[in-house]
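Engineer: Chains F and E, in that order, give the protein sequences. In terms of the numbering used here, the first sequence has 84 at position 84, counting the first letter as 1, and numbering is strictly consecutive. With positions in the second sequence counted from 1, the corresponding number in the numbering used here is that position plus 1000.
Derived by calculation from the structure, the hints in this document are not laboratory data. Only a predicted model underlies this, so the values are computations on that prediction, with no experimental measurement involved. Heads up, the beta-carbon is just placed ideally off N, CA and C, and yes, glycines get one too. The reader is advised that the hints may include incorrect statements.
Derived Cβ-Cβ restraints for the label pairs, each shown as a range [what the hints assert, rightly or not]: (1) F:Met222 x E:Tyr1216: 22 to 28 Å; (2) E:Asn1163 x F:Val150: 28 to 34 Å; (3) E:Asp1062 x F:Ile61: 40 to 46 Å; (4) F:Thr65 x E:Asp1062: 46 to 52 Å; (5) F:Pro54 x E:Tyr1216: 39 to 45 Å.
Residues from chain F shown here face chain E by an in silico Cβ test under 7 Å; the list is partial [to be verified]: (6) Glu52; (7) Glu98; (8) Ser137; (9) Ile146.
Below 25 Å or equal to it, Euclidean Cα-Cα: the simulated SDA-like pairs (lysine to any residue) are [what the hints assert, rightly or not]: (10) E:Lys1088 x F:His138; (11) E:Lys1211 x E:Val1159; (12) F:Lys132 x E:Gly1027; (13) F:Lys132 x E:Met1077; (14) E:Lys1108 x F:Gln152; (15) F:Lys28 x E:Ser1114; (16) E:Lys1008 x F:Ile153; (17) F:Lys132 x E:Thr1010; (18) F:Lys132 x E:Ser1114; (19) F:Lys132 x E:Arg1178; (20) F:Lys140 x E:Ala1064; (21) F:Lys132 x E:Lys1211; (22) E:Lys1130 x F:Met206; (23) F:Lys140 x E:Gly1027; (24) F:Lys132 x E:Pro1005; (25) E:Lys1111 x F:Arg64; (26) E:Lys1111 x F:Thr193; (27) F:Lys140 x E:Lys1106; (28) F:Lys140 x E:Lys1008; (29) F:Lys140 x E:Lys1211.
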Amino acid sequence: MKTSILKAIELILSMDAELIDILSVTAKMSIQSSLIALLIGLPIGIILGGYEFPGKNILLILNRTLMGTPPVVCGLIFYMLFSGVGPFRHLKLLFTVEIMVLAQVFLITPIIIGNVESFISTIAPNVKETAKGLGFSHIKTLFLIINESVYQIFSAYLLAFSRSIAEVGAVSMVGGAISWKTNVMTTAIMQYTNRGNFTLGVALGMILLSVSLIVNIIISIMQRRLSK
Amino acid sequence: MIKIPPLKKTYSSRTVLDFPGTDLEKGRIYAVIGSNGSGKSTFAKILSGMIKDDDKQKLFKDIAVGYMPQRNYSFRMSVVRNILLGGKDPSLANELMERLKISHLKDKRAKSLSGGETARMALARLMMGKYDIVILDEPTSAMDMESSLLTEELIKEYVKNTNCALILITHSLQQAKRIADDVLFFHKGSLLEYGSAEKVLYEPENAETKKFLEFYGS
Ligand SMILES: Nc1ncnc2c1ncn2[C@@H]1O[C@H](COP(=O)(O)OP(=O)(O)OP(=O)(O)O)[C@@H](O)[C@H]1O
Ligand SMILES: [Mg+2]
């Protein structure tokens, strides 16, 4: 145990080529998928949280259901869609980073929608009442609502990012955990542990935990700023 | 003269407001009094366009309505920037803060203000603008006596300067006596008594109004 931790640290410090590759594939996948999820989820979350319209409750229930999608089910769906028998097989996306990003977007967009919606729905009635009383336009009111929510939006983004970086079920199915191509931190940990090579696994585990720690420190700093 | 049509509001078959309609005259202060749940805020919300009445009427055309809700929102910025949301004139903002004794809070985060301070900020924010009708929903309920009196003075001046019709919802009969020209007494959603302040507050006709005044007065 102790020796494998020391070896892991050594491995990280030596900037092992495979380790670096795994990290960069992970970063590429997580950053891309979380940014796309933010782009899609933010407007939907704002509309769901800030406005009343028929069918809204159904959409909220749907989103809450999607928030709980088991990653392997998501992996299964995308596998079937893009595999040799699926309708999108000619796109040849199976076992690429692109399809991992797609599957991740499917998993984490609902998280962004849900978090943004739940915060905005608490402030929107009061903001809108005050804004309406001052004669503000809809656009100005919308900007004010977004300005009130910037920290929560950023928190929702970080939450989605850390979910994406830690997820294993879907990405291993559609990505195939191919070394030097689609292997990310979580799938590599599984792979190397299965092979009995703990050093790389422990090194990746430590990095994963550190990233999660940093993300949570940022979120907690923001929350402290908020409560002031 | 601003015409207010009859207004009705029903929540799940319970009528919370049944207003017969009236004309408002510019330059006058109308106090709205009545117990909790009598429909005062509902009246204010419908007039301001926050909510629609049962007939979904579009109430005013080319008439600007300013409205200070019972619960005011402090935007995530400084006090002075909150006030400048209401209008662009910085010297007016300074004057209003001076008058309401919140100049020393100018650069504080608005969210950190106390209840009475928030109400004064919200009032200054609203008074940065000019409106045909201004509705204030219990502006002084969180304020101490000194701030309430300052606010009343400012309201009177504002009405004179901008020539608006001002509707003041209040639980203070003393306040109504001090600044109202006319008084509307709401009871269980209905307008039970309406007339000049002298008449409604000193010689009411309706038995409910008498009961209310006796309970609240002296
Ligand atoms: N959205 C709503 N749904 C159902 N009932 C409501 C709603 N809004 C208000 N009411 C009801 O309408 C009635 C009148 O409420 P309103 O807020 O107008 O009273 P108010 O005169 O302003 O009282 P207060 O002095 O406490 O401010 C209350 O009984 C309240 O419960
Ligand atoms: Mg009220």
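Engineer: Could you check the structure against the hints above and give me the numbers of any it violates, in ascending order?
Structural biologist: Going through the list in order, the structure violates hints 1, 2, 6, 7, 8, 9, 11, 15, 16, 19, 21, 22, 23, 25, 26, 28 and 29 and respects the others.
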